[in-house]
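*Asks:* Sequence:
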Amino acid sequence: MNRFLQILYSVSFIFLFIGINNVAFSEIDIKENAGSLSKNSQFDSAHIDEAIMMSAGYLKKNCDINGKFTYRVNIDPAVKFLPKYNILRHAGAIYALATYEQRTKDKEVLDTLKHAVRFLKKNSIKALSERDDMLAVWSSPEINLSKGPYQAKLGGAGLGLVALLSMEKIKQGTTSIDVLRKIGRFILFMQKSDGSFYSKFIPSRGGRNDQWTSLYYPGEAALGLLMLYEKDPHPEWLQGAAESIAYLARIREGRDIVEADHWALIATARLLPLYNRCRQPIPRKRLLQHALQICKSMLIDIPECSKEPNICGSLSRGGTTCPTATRLEGLLAALTFLPDEQRVFRRKIKSIVSNGISFLLRSQVSSGKYVGGIPRAIGKLPSIHPSYSEKFNKRATEIRIDYVQHALNAMIQYSEFFEMH
Numbered sequence: 350m351n352r353f354l355q356i357l358y359s360v361s362f363i364f365l366f367i368g369i370n371n372v373a374f375s376e377i378d379i380k381e382n383a384g385s386l387s388k389n390s391q392f393d394s395a396h397i398d399e400a401i402m403m404s405a406g407y408l409k410k411n412c413d414i415n416g417k418f419t420y421r422v423n424i425d426p427a428v429k430f431l432p433k434y435n436i437l438r439h440a441g442a443i444y445a446l447a448t449y450e451q452r453t454k455d456k457e458v459l460d461t462l463k464h465a466v467r468f469l470k471k472n473s474i475k476a477l478s479e480r481d482d483m484l485a486v487w488s489s490p491e492i493n494l495s496k497g498p499y500q501a502k503l504g505g506a507g508l509g510l511v512a513l514l515s516m517e518k519i520k521q522g523t524t525s526i527d528v529l530r531k532i533g534r535f536i537l538f539m540q541k542s543d544g545s546f547y548s549k550f551i552p553s554r555g556g557r558n559d560q561w562t563s564l565y566y567p568g569e570a571a572l573g574l575l576m577l578y579e580k581d582p583h584p585e586w587l588q589g590a591a592e593s594i595a596y597l598a599r600i601r602e603g604r605d606i607v608e609a610d611h612w613a614l615i616a617t618a619r620l621l622p623l624y625n626r627c628r629q630p631i632p633r634k635r636l637l638q639h640a641l642q643i644c645k646s647m648l649i650d651i652p653e654c655s656k657e658p659n660i661c662g663s664l665s666r667g668g669t670t671c672p673t674a675t676r677l678e679g680l681l682a683a684l685t686f687l688p689d690e691q692r693v694f695r696r697k698i699k700s701i702v703s704n705g706i707s708f709l710l711r712s713q714v715s716s717g718k719y720v721g722g723i724p725r726a727i728g729k730l731p732s733i734h735p736s737y738s739e740k741f742n743k744r745a746t747e748i749r750i751d752y753v754q755h756a757l758n759a760m761i762q763y764s765e766f767f768e769m770h
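In our numbering, the protein residues as written are 350 to 770.
Pairs of lysine-lysine residues, derived as DSS-like cross-links and limited to a Cα-Cα distance of at most 25 Å, are as follows:
#	residue 1	residue 2
1	Lys454	Lys417
2	Lys454	Lys470
3	Lys471	Lys417
4	Lys471	Lys496
5	Lys520	Lys463
6	Lys410	Lys456
7	Lys645	Lys699
8	Lys433	Lys718
9	Lys454	Lys410
10	Lys740	Lys656
11	Lys475	Lys417
Computed Cβ-Cβ distance ranges for the label pairs, DEER-style:
#	residue 1	residue 2	range
12	Gln451	Asp581	18 to 26 Å
13	Ile526	Gly603	35 to 43 Å
14	Lys634	Asp605	14 to 22 Å
15	Ile526	Asp650	37 to 45 Å
The set of hints was computed from the structure by calculation and includes no laboratory data. Small disclaimer: the values here were computed from a predicted structure and weren't measured. The beta-carbon is built from N, C-alpha and C at its ideal position, and this holds for glycine as well.
With the hints as extra help, turn the sequences into a complete structure.
*Replies:* Dropping the structure here:
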């Protein structure tokens with residue numbers, strides 16, 4: 350791209366961006382280069398606390414009396430979309446709201462959580478027809494409004510445990526230990542001898558099915574098992590989680606670039622303090638090497654602030670918010686365990702994370718009907734941008750519960766990490 354096109358692109362993006370949510374983007378020092386951090390992120394703890402409250406408020410306001418979230422909206426009323434739902438993202442929203450409630454003791458949020466947990470249990474947590482000792486989180490066509498078969502996803506069980514156990518920290522006894530154990534048994538039932546997993550259980554196709562694999566399900570499953578172990582310290586939960594993360598480390602060993610697996614980083618942060626209690630499938634050092642691989646891969650493709658000042662701080666091309674938020678979650682988790690010999694890299698992560706949080710703050714809807722929502726992208730793209738498409742720009746103004754959930758979790762993690770350090 351020559352200099353003229355760079356200038357044209359930047360000016361075009363500015364006007365498109367301003368039109369989305371009327372948020373100024375001048376908070377970041379745009380003189381920094383790609384991968385470097387602004388010397389002054391220009392937000393304080395009060396600013397981030399307000400943003401956290403606003404996003405929690407968005408989820409609270411968009412959960413009905415039956416506990417179902419408004420899954421997706423679009424700020425632009427001209428954009429039409431088909432109704433859908435995703436029970437995994439429902440569980441993720443519970444996780445984020447429960448994390449928020451633990452900080453604030455917000456009674457209205459607690460009421461929302463009760464409704465959302467009830468919806469999850471009533472509509473999705475059911476036994477396998479041939480195994481009454483296990484429970485799965487089922488994705489049904491009736492709830493998800495999809496044409497897919499009735500199925501139980503590994504990630505549903507993982508995030509289901511994460512959601513229910515997050516609620517247990519607030520109100521013990523909301524879910525019986527028997528139910529939690531049965532979901533844990535389903536996860537172990539889905540695990541193979543090498544630590545990997547079947548991604549789905551589809552009764553109409555013979556049960557366990559690995560024709561399709563998910564990047565995120567193993568980390569979600571490991572996190573659920575680890576949280577279960579923290580409440581119910583049976584060795585099988587811890588061992589299953591350790592085998593899962595060890596498998597991911599083995600298959601990624603030696604690669605320069607690996608998947609941006611934030612759930613694996615979050616699970617690793619919980620696994621490491623417990624690792625001496627289990628039969629270690631790989632040395633602790635290899636767990637750390639795997640985490641470093643993921644972190645470094647997350648930082649490879651950061652847009653250059655000098656060329657794209659409007660999306661400075663984004664960790665994804667095109668200024669999309671959810672990939673940025675999930676990477677921030679993973680990087681912030683890694684900061685809790687990366688050793689001191691990685692202090693130079695840790696400093697780089699801290700700076701990149703600060704820029705990333707500033708990007709999310711600028712993306713957040715600051716007023717109006719959708720206040721606290723996080724659109725899919727910080728702005729629409731001009732036609733000369735490499736990531737431009739009509740579909741991208743239609744969806745740029747979309748707000749979905751997982752965009753908000755991941756941003757909320759990232760902001761809370763950021764606030765708590767820097768309060769402690």
